[in-house]
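Position chains B and C against the provided structure of chain A, taking the given hints into account.
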Amino acid sequence: MSDQVMNFWAMGGYARFVWPCFGLAGVVLAWNVWSARRHHAAARVRVERAVLMTDQ
Amino acid sequence: MSAANLGPGRTGLCEGPNTEGDLPGGPEVSAVRAMALVVRRELRLSFRRPEQVLQPLVFFLIVTTLFPLGLSLQLSLLRDMAPGVLWVAALLSSLLSLDSLFKSDADDGTLDQLALSGHSLTAIVVAKTAAHWLVSGAALVLVSPLVGIALGIPVAIFPTMLGSLALGTLCLSWLGAIGAALTVGLKRGNVLVSLIVLPLAMPLLIFGAGATDRAASGISSAGALYLLSSLCVFTCTLAPFAAAAALRITLE
Amino acid sequence: MWTWFYKLASPPYVYRSAAALTPWFMTVAVIAIVCGLIGGLGFAPPDYQQGDAFRIIYVHVPSAYMSLLCYTTMAVAGAIGLIWRIKMAYALAAATAPIGASFTALALVTGSLWGKPMWGTYWAWDPRLTSELILLFLYAGVMSLRAAFEEPARGDRAAALLAIVGVVNVPIIHYSVLWWNSLHQGATIAKIGKPSMPASMLWPLLSMLVGFMCFYGAVVCIRLRGEVLNRERQAAWVREAIKP
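Going line by line, the protein sequences match chains A, B and C. Just add 27 to wherever you are in the first sequence, counting from 1, and you've got the numbering used here. Just add 9 to wherever you are in the second sequence, counting from 1, and you've got the numbering used here. Just add 1282 to wherever you are in the third sequence, counting from 1, and you've got the numbering used here.
Bound conformation, chain A alone:
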């Protein structure tokens, strides 16, 4: 059982190429979501400020 896991992990000797690729892909996908949400949040803050200013 653990043999299978070790084989899977080793990726036929190419582990040091394969896993960074998938890891990097995960990082890029996560960054996209995080960055998009931050962008939207910042836009909301700017709008709220603008609304407050015009209300005053």
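A couple of the hints might just be wrong.
For each label pair, taking beta carbons as the anchor points, the in silico distance ranges come out as [stated by the list, open to error]:
| id | chain 1 | residue 1 | chain 2 | residue 2 | range |
| --- | --- | --- | --- | --- | --- |
| 1 | C | Gly1402 | A | Arg64 | 35 to 45 Å |
| 2 | C | Phe1287 | B | Ile71 | 53 to 63 Å |
| 3 | B | Ser229 | C | Pro1453 | 23 to 33 Å |
| 4 | B | Val164 | C | Trp1407 | 24 to 34 Å |
| 5 | C | Cys1317 | B | Ser229 | 50 to 60 Å |
| 6 | A | Thr81 | C | Trp1306 | 32 to 42 Å |
| 7 | C | Val1316 | A | Arg64 | 33 to 43 Å |
| 8 | A | Val54 | C | Ser1299 | 24 to 34 Å |
| 9 | A | Thr81 | B | Arg53 | 52 to 62 Å |
| 10 | B | Pro154 | C | Gly1402 | 39 to 49 Å |
Now the stretches of chain B that chain C is said to cover, found in silico as 3 or more residues with beta-carbon under 8 Å [as the list claims (entries may be wrong)]:
| id | stretch |
| --- | --- |
| 11 | 182–195 |
| 12 | 198–207 |
| 13 | 248–259 |
Derived from the structure by calculation, the hints contain no laboratory data. As the structure is a computational prediction, the values presented were derived from the model and not from experiment. Ideal placement from N, C-alpha and C gives every residue a C-beta, glycine not left out.
Relative to the frame of chain A, chains B and C by itself:
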């Protein structure tokens, strides 16, 4: 007249360092005549400001000197790199000379006047870019034999080198016109122009340097030259419209 | 049909629709990507020549495909904005740019890591790799140009024009393996009817492609909402929309 507020840089007078009394007038002037007038004006202005023409050329010479100094290669090895070095230097010095294409005219309002003159902005852009190439690209091609000798390019392939540089600098003038038109009026437009123009110019570099390189190695450079010519035709037919559209966006 | 098109030009409609679509896109994306990963890492047999290194295909091809799709979307959206003067088209172009750039970078790096075991080198100046790198520079140029203008509307138009000028690079990237003697392998899926990969390797790849596309859909909807708010700060509908 002295009390009129015409905005910065405009004096309301017809003569000035950057103005010529013979801008193409209204639509009664034909398009071809208007283009000829613009070309004549550009050439006249360039001769009045020779440093605008000479500085990019000197930059070209200096940059080509940097490579042998920085890499301290023997002449035989330098010869292998020479076409590439020549082309990169030509590319960079073209970027420098782009500054004079639209900027000074935009600053003093001449560009606005040309846009409002009723003539096709595309035609005017063609005239300005053609004149610009005459004083920058063509000058570069004329100086290139000197650089070729300095870099050890065999004299036998000079025709290929000159031909590819002539086509390439023409293409670069057009790509640069698009970049300059998009960034005219921006504060730090210089670096941005490079960022815009250089990626577009990369295929040009590949084929242009490739043509000279092949000729230097004795292989036929016909294929690369044909590709370079087709790139040139493609750019020269479409770029004027893109550059004119860009000017319309930035001048509004 | 035209009413649907007109609705897309309306900022409040776009803002609300993007919010509604995001969870759907993201759910499909997660399912497709997880299935693709399980199929690609677990079930697909190792390649005859490359062994397990070929599994990088499951992130490299989708990201490369998305890099081209995003640029094309950006250019088409820019063209729609310029021709029909629809602000929401510019918002879509602005939202797509950073996403596409990140996919391009991912494609380049995963391709580089795949190149070492496959070709023996991390990089080669071959037509496809070079033109993909040029694509990354084009993305950078478009984003920098948009940001350089003080007037956002003018920046949108200039960036749209630049995106359209650069779109000529997309067919060059796609056909480079056909036109030149390229180190990079040719089309894997595009051969109609008879792809050159066995089914067990192919379906996880298709699943990852669908997953990446839906992921793009989800993320662009989130970004689009931010872009809409930035462009519509003064509008009346915005006050109601941002109330939690």
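### Unsatisfied constraints (hint numbers, rising)
Hint check: 7 fails alone, others pass.
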